[in-house]
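A.B. asks: Sequence:
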Amino acid sequence: MERTSDGPEIFTPRQPDWVSPATRPADPAQANDYDSFAEAYSAETENSLLNAYLARPAILALAGDVAGRRILDAGCGSGPLSAALRDRGAVVTGVDAGAGMLALARRRLGDDADLHVADLRDPLPFADGTFDDVVASLVLHYLEDWGPTLAEMRRVLRPGGQLIASVSHPFVDHLCQSPPRPSYFATTSNTDEWTFGGRSFPMVFWRRPLQAMTGAFTAAGFRLAVISEPQVDPAAREVFPDDFDDVSTKLSFLCFVVEVPPSAAAGSDG
Numbered sequence: 001m002e003r004t005s006d007g008p009e010i011f012t013p014r015q016p017d018w019v020s021p022a023t024r025p026a027d028p029a030q031a032n033d034y035d036s037f038a039e040a041y042s043a044e045t046e047n048s049l050l051n052a053y054l055a056r057p058a059i060l061a062l063a064g065d066v067a068g069r070r071i072l073d074a075g076c077g078s079g080p081l082s083a084a085l086r087d088r089g090a091v092v093t094g095v096d097a098g099a100g101m102l103a104l105a106r107r108r109l110g111d112d113a114d115l116h117v118a119d120l121r122d123p124l125p126f127a128d129g130t131f132d133d134v135v136a137s138l139v140l141h142y143l144e145d146w147g148p149t150l151a152e153m154r155r156v157l158r159p160g161g162q163l164i165a166s167v168s169h170p171f172v173d174h175l176c177q178s179p180p181r182p183s184y185f186a187t188t189s190n191t192d193e194w195t196f197g198g199r200s201f202p203m204v205f206w207r208r209p210l211q212a213m214t215g216a217f218t219a220a221g222f223r224l225a226v227i228s229e230p231q232v233d234p235a236a237r238e239v240f241p242d243d244f245d246d247v248s249t250k251l252s253f254l255c256f257v258v259e260v261p262p263s264a265a266a267g268s269d270g
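Mapping of the sequence shown onto my numbering: residues 1 to 270, in sequence order.
FYI, nobody ran anything at the bench for these hints, they're computed from the structure.
Here the structure is a predicted model, which means the values were calculated and not measured.
Heads up, a few of these hints could be off.
Ranges of calculated distance between the beta carbons of each label pair, as one might list FRET restraints [as the list claims (entries may be wrong)]: (1) E238 - N32: 27 to 35 Å; (2) G129 - F196: 33 to 41 Å; (3) A235 - E44: 17 to 25 Å; (4) P16 - A151: 27 to 35 Å; (5) P179 - G215: 26 to 34 Å; (6) R121 - R88: 23 to 31 Å.
Think about it this way: if two alpha-carbon atoms lie no more than 20 Å apart in a straight line, the pair counts; the simulated SDA-like pairs of lysine to any residue are [said to hold, decoys possible]: (7) K250 - E229; (8) K250 - P57; (9) K250 - P170; (10) K250 - A52; (11) K250 - S228; (12) K250 - S48; (13) K250 - P209; (14) K250 - V91; (15) K250 - S168; (16) K250 - L50; (17) K250 - V19; (18) K250 - V172; (19) K250 - N51; (20) K250 - E238; (21) K250 - T218; (22) K250 - P234; (23) K250 - P16; (24) K250 - A236; (25) K250 - V239; (26) K250 - F240; (27) K250 - F171; (28) K250 - A235; (29) K250 - Q177; (30) K250 - S42; (31) K250 - P262; (32) K250 - Q15; (33) K250 - R237; (34) K250 - L210; (35) K250 - Q231; (36) K250 - L54.
Built from N, CA and C at the ideal position, the CB exists for glycine as well.
Please put together the full structure from these sequences, using the hints given.
C.D. replies: Structure below.
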């Protein structure tokens, strides 16, 4: 579904110049093929305003002190968030559906990095309670059905562990759709085209209302701890002086921290 900018200005996101509305329906078999443009995407987002100064800092701030914690980076891509978490003392495992993206992550993190090819729609290749935290940065909005994925994330978390996730803000995505817009309360897809090296690649995203997001977390057995609308890192003002004021006043992403309740035995001990 094409997007438009006829909504209130505060909801109009600043898109990178390689993102544009789709002009034709996407072939599901060809959509979201990150390996087709892995090198270019990694280079574009390494130090970009939205990624390096908004999305990644938001996850790191919500994660807090991670020293010694076992963290699964779900949808790790080329590994920038994994690297930042490791630099803060975490023991990081990364999974991604793209072998090409994981090759870039291994180049960044080293040959001994714990990386696995895994589609988040499938069972995760880890035992129950393996991790203290799961981070899922700008990943869940690629999934039509969150249920199986969240159930697996909860399974691999220990009691008291937490999932820290970010997604595109549902208010933004709704108001940027071309009229007549579908119901805000429906789960709907939209398609963008990302262009690298003169080639366009279809990207399909799923928008769902806030209540569907929180409902999916609780249905999977999580307890909601934090909902956050992150703002851009103030350090970006010096790097992006022409864009900072515009981006800092607009909605962009929505973040969640959800927790696995402690076990009954642990609760009675406390």
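A.B. asks: Taking the hints in turn, state whether each one holds.
C.D. replies: Outcome of the hint check:
As the Cβ distance of E238 to N32 is approximately 34 Å, the hint placing it in 27 to 35 Å holds. Checked against the hint of 33 to 41 Å, the pair G129 and F196 passes, with Cβ atoms roughly 40 Å apart. Taking the beta carbon of each, A235 and E44 are about 19 Å apart, inside 17 to 25 Å as hinted. For the pair P16 and A151, the beta carbons lie near 33 Å from each other, so the given range of 27 to 35 Å is met.
Distance hint check: the CB atoms of P179 and G215 are about 27 Å apart, consistent with the given range 26 to 34 Å. For the pair R121 and R88, the beta carbons lie near 29 Å from each other, so the given range of 23 to 31 Å is met. Distance check on the hinted pair: K250 and E229 sit about 10 Å apart at the alpha-carbon level, within 20 Å; holds. With a C-alpha separation of about 17 Å, the suggested pair K250 and P57 falls inside the 20 Å cut-off, and the hint holds.
About 13 Å separates the Cα atoms of K250 and P170, which keeps this hinted pair within 20 Å; it holds. Our distance criterion of 20 Å between C-alpha atoms is met by K250 and A52, whose separation comes to about 17 Å. As the CA atoms of K250 and S228 are separated by approximately 14 Å, the hinted pair is consistent with the 20 Å bound. Taken as a hint, the K250 and S48 pair is honoured in the structure, with Cα atoms around 17 Å apart against an allowance of 20 Å.
Taken as a hint, the K250 and P209 pair is honoured in the structure, with Cα atoms around 19 Å apart against an allowance of 20 Å. About 34 Å separates the Cα atoms of K250 and V91, which puts this hinted pair outside 20 Å; it is violated. Proximity of K250 to S168 is assessed by CA-CA distance (about 12 Å); at most 20 Å being required, the pair is judged to hold. Only pairs whose Cα atoms come within 20 Å are accepted, and K250 paired with L50 is accepted, the gap being roughly 12 Å.
Simply put, K250 and V19 have alpha-carbon atoms about 18 Å apart, close enough for the 20 Å limit, and the pair holds. For the hint pairing K250 with V172, the CA-to-CA distance comes to about 9 Å; that is within 20 Å, so the pair holds. About 15 Å separates the Cα atoms of K250 and N51, which keeps this hinted pair within 20 Å; it holds. Taking the CA atoms of K250 and E238, the gap is about 19 Å. The hint holds against a cut of 20 Å.
Pair hint K250 plus T218 does not hold up; C-alpha atoms about 28 Å apart against a cutoff of 20 Å. At most 20 Å may separate the alpha-carbon atoms for a hinted pair to count; K250 and P234 meet this at roughly 14 Å. Between K250 and P16 the alpha-carbon distance is near 15 Å, which keeps this suggested pair within the 20 Å criterion. Taking the CA atoms of K250 and A236, the gap is about 15 Å. The hint holds against a cut of 20 Å.
For the hint pairing K250 with V239, the CA-to-CA distance comes to about 18 Å; that is within 20 Å, so the pair holds. For the hint pairing K250 with F240, the CA-to-CA distance comes to about 15 Å; that is within 20 Å, so the pair holds. For the suggested pair K250 and F171, the alpha carbons sit about 11 Å apart, so the restraint of at most 20 Å is met. Restraint check for K250 and A235: the C-alpha separation of about 17 Å stays at or below 20 Å, so the hint holds.
With a C-alpha separation of about 17 Å, the suggested pairing of K250 with Q177 holds against the 20 Å cut-off. Distance hint between K250 and S42 is unfulfilled; the C-alpha atoms sit about 24 Å from each other, more than 20 Å. The hinted pair formed by K250 and P262 fails the criterion: a straight-line CA distance of about 37 Å is larger than 20 Å. For a cut-off of 20 Å, the pair hint linking K250 to Q15 stands: about 12 Å separates their Cα positions.
A threshold of 20 Å between alpha carbons decides the hint, and for K250 with R237 the separation of about 15 Å falls inside it, so the pair holds. A distance of roughly 18 Å separates the Cα atoms of K250 and L210; the hinted pair therefore holds under the 20 Å criterion. Using a Cα cut-off of 20 Å, the hinted pair K250 and Q231 holds, with the two alpha carbons roughly 9 Å apart. The suggested pairing of K250 with L54 holds, with an alpha-carbon distance near 12 Å, which does not exceed 20 Å.
Checked against the numbered hints given earlier, this structure breaks hints 14, 21, 30, 31; the rest are met.
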